[in-house]
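Build out the structure end to end from the sequences listed, making use of the hints.
The listed protein sequences derive, respectively, from chains H and B. Per the working numbering, the first sequence starts with residue 1, numbered consecutively. Per the working numbering, the second sequence starts with residue 1, numbered consecutively.
According to the in silico footprint, chain B covers these stretches of chain H (three or more CB under 8 Å from chain B):
1) 290–298
2) 301–307
In silico DSS-like pairs for lysine-lysine, Cα to Cα no more than 27 Å straight-line:
3) B:K101 <-> H:K297
4) H:K297 <-> B:K64
5) B:K180 <-> H:K188
6) H:K7 <-> B:K214
7) B:K101 <-> H:K316
8) B:K45 <-> H:K316
9) B:K101 <-> H:K311
10) H:K218 <-> B:K176
11) B:K44 <-> H:K316
12) B:K75 <-> H:K297
13) B:K101 <-> H:K207
14) B:K187 <-> H:K188
15) H:K321 <-> B:K48
16) H:K321 <-> B:K64
17) B:K75 <-> H:K311
18) B:K48 <-> H:K316
Don't read these hints as lab results, they were simulated from the structure. Values in this document were obtained by computation on a predicted structure and should not be read as measured data. Just so you know, even glycine gets a beta-carbon here, dropped at the ideal spot from N, CA and C.
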Amino acid sequence: MILYKGKTYENSEQEPLFETLEKDCLDTLDNNKSLKPAMVIDACDQLTQNIEAGKFDHLIQPLLSTFDIPEAHFEHYLSMFKKEALEKKVKIELGEDHKTLDPLDENNERAIRPLGILFHIAAGNLDVLPAYSLIEGLLVGNINILKLPTGDKGLSVKLLSALIEIEPRLSDYIYVFDVPSIEIDTLKIFADIADAIVVWGGNEAIKAARTMASPNTKLIEWGHKLSFAYADSSATDEDLRGLAKNIVTTNQLLCSSAQGIYVDTNDREELDRFAKRFFDILNEVSNAHQPVPYGMKSKNAVELYYEDMVKEDTGKRIYKKDGVSVITSDDSALELSMLFRNVWVKMLPCDSIVKALKPYKNYLQTATVLSEKKYEAYVGKLIKVGVVRIKKPGEMSEALLGESHDGMYPLRLYTNIVETTITIEKCKLETPYQS
Amino acid sequence: MGNKALRKLLRHKDPYDVSKTNQLFADAIRENARHHERHCEDYKKILKSFSCDLNSIKTIDDIKDIPFIPTLYFKRHELFSMPYEKMAIKATSSGTSSGLKSKVGMGYRDLFRGFKMIRKLFSYHKLWSFRRVNYFIFGYEPTKHTDVVIMKSANGFSKVAPAKKRYYAIRWDKEKETFKVDLDYMKKHLIKASRQSNPIRTIGFPAYTYFLLKEMQDEGIRLTMPKGSLVTMGGGWKQFYQEAVDKRQFYTLVKDVLGIEEENIVEFFGAVEHPVVFPDCKYHHMHIPIYSRVIIRDPDTFQPLPTGEMGLINLVSPMNRATPLTSVMTDDLGILHEGCECGVDAPWLEVVGRVGVKDIATCAQGADSLMGKQG
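Quick look at the structure:
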């Protein structure tokens, strides 16, 4: 299903709309009206109220159970779309003075204006992500073209249609298409219309977007990230339990989930003692939560069997039970785990952190530090290599209102600072933030 | 090491006579494993690490004790019992989300035995034809750029009946130097073929077939293909589970758009790491021919599960002597069933899905693959 100027269409009907898209976008830019953030914020606020009233339960409840998201977490996420929350987000990202930037001098004014047209290439790992990306674009007044991820189940179109129903003036600013990633020629049409491509996803998606963007199209990349824990033998059981909880509840699927643990040692035996200690805690926490889905458990069972087959060559030691595992090895490569409660534990002495982790620069996101002795020293080094979030073990994947996205503020990236020399009064900038 | 039992197995008249060939199969498996043990040092090591004594493989109940090798292993290691240059076919699998491909070889004798097996199975299913047919291959056009086994088997399969013309859905774009899916081209020629007298056969990835037919249905295209036309599919529904396309729905779609009856839709189960194909019967059950046995295993214990229970699909076959494919653990979950109205006694395999939630699409996953290159 697709969405064009407030109307939904079947996928098979979308092709003629590619032809009219550019003209429609330019007409919207041309028509003297501008999208006021207040309209977007009020519409989102109303939508959250509708969701709270249960109007979308038939769509949302299955999602919560599939991803094992507790009701309280969902309410927390939802609260981020309420009026005060969105207003706070705008203020944090664009600054307290975003509505009335001080002029540079008596003749030169400044204002924050939308980039114009954004083309969002959304990823499929979270069902609400495509709509979320588009709403961020709307918040600063952009026209948004959204390419749905493969296998989209229609949630984005439903949520965005509901938003337009609440605030029909948004319809000129929302275009949602369902074009497969391999149809480069069509995606190029969208990319050429847009001022910027906002791309979410893995390396393949980022690389594809880079080839699609002509030199005068800006690229805004929200790529995949890796997160991990850094510990030494002074780590408390309580911290290890918190880390285990992050691993079990997120099944290591989020950018902010811990994939593995680095231990400040170069002694393999010490590493294995640590791994065994964590393995017992991980098992205990895993048993207290929903079991791993059968398909994932089966995948990991075969993968662990394989690791067992080749352990003499790889030097890995494997601690496993009921699909949960901890694997130690001699290397210090930062890598994706097998996911779903399978954790690597590797040696990384403190004085090797910078050398070992710097090559991963923009892949780094969250780290948690488990140490009673050298916490600050570890944190300092991790920040130097490019980690942008340092969180408590149990809170690695908690979303906070106003926090940056991978170290950056999207709303800043989706806007321009426009400067004008005032020669005649009528040229004075009208900012979209004037109410 | 001889292969007497295998030769006997291939001479057995009825390709689904499982109960009468159990002992022959067990003997052939022991022979095959012993051959690989002698000619492949790494396989010998694997047997040793599992403390497997091949002398203890005596009856059909013992074949479960041959250590299985996960397909993953073939993706990351080369495991051959024959010098690479002596192989008749070196094939790679069409790859999975991991991007890795299995490397599997076949000797000339393997090929010859494979041909005997195919001849028996296809005669049984009446798939041979002497009429010239138009092939619609929903796979890769053979070029120097392809060595994917699906393509090899699709192209090989298009020799089962003489070809009038072959149309490929994935063709090499010379200008862009890449493969391009061109379903419009297939559509155009399907419409043309419906006006001719020669039957058609479609072969290949069901996903593409499905998408094209769905599009044609949406456009209101209704064709009647010449009598004797067949829709055949291999390559699996596996990439397809997420779409949740029900097979019934697919059969109705084929009937609706191409006018081909359900009984003329033949699906095959096959895997590059398993040298036997399972064509389905008229009830669309993929019975396991005598050249193969399937063990469904519990992912927690790897113990065999009883008929009717879901688990990991372990494929066992003595058909390949170039690569130790004796007992292979696939990435698929399945169920074995018994009893079918078609009259074949052999159990049939239902493939439920690929292990792992497809399109898990973790946001950490992509970052990993590039880093691998950094080492």
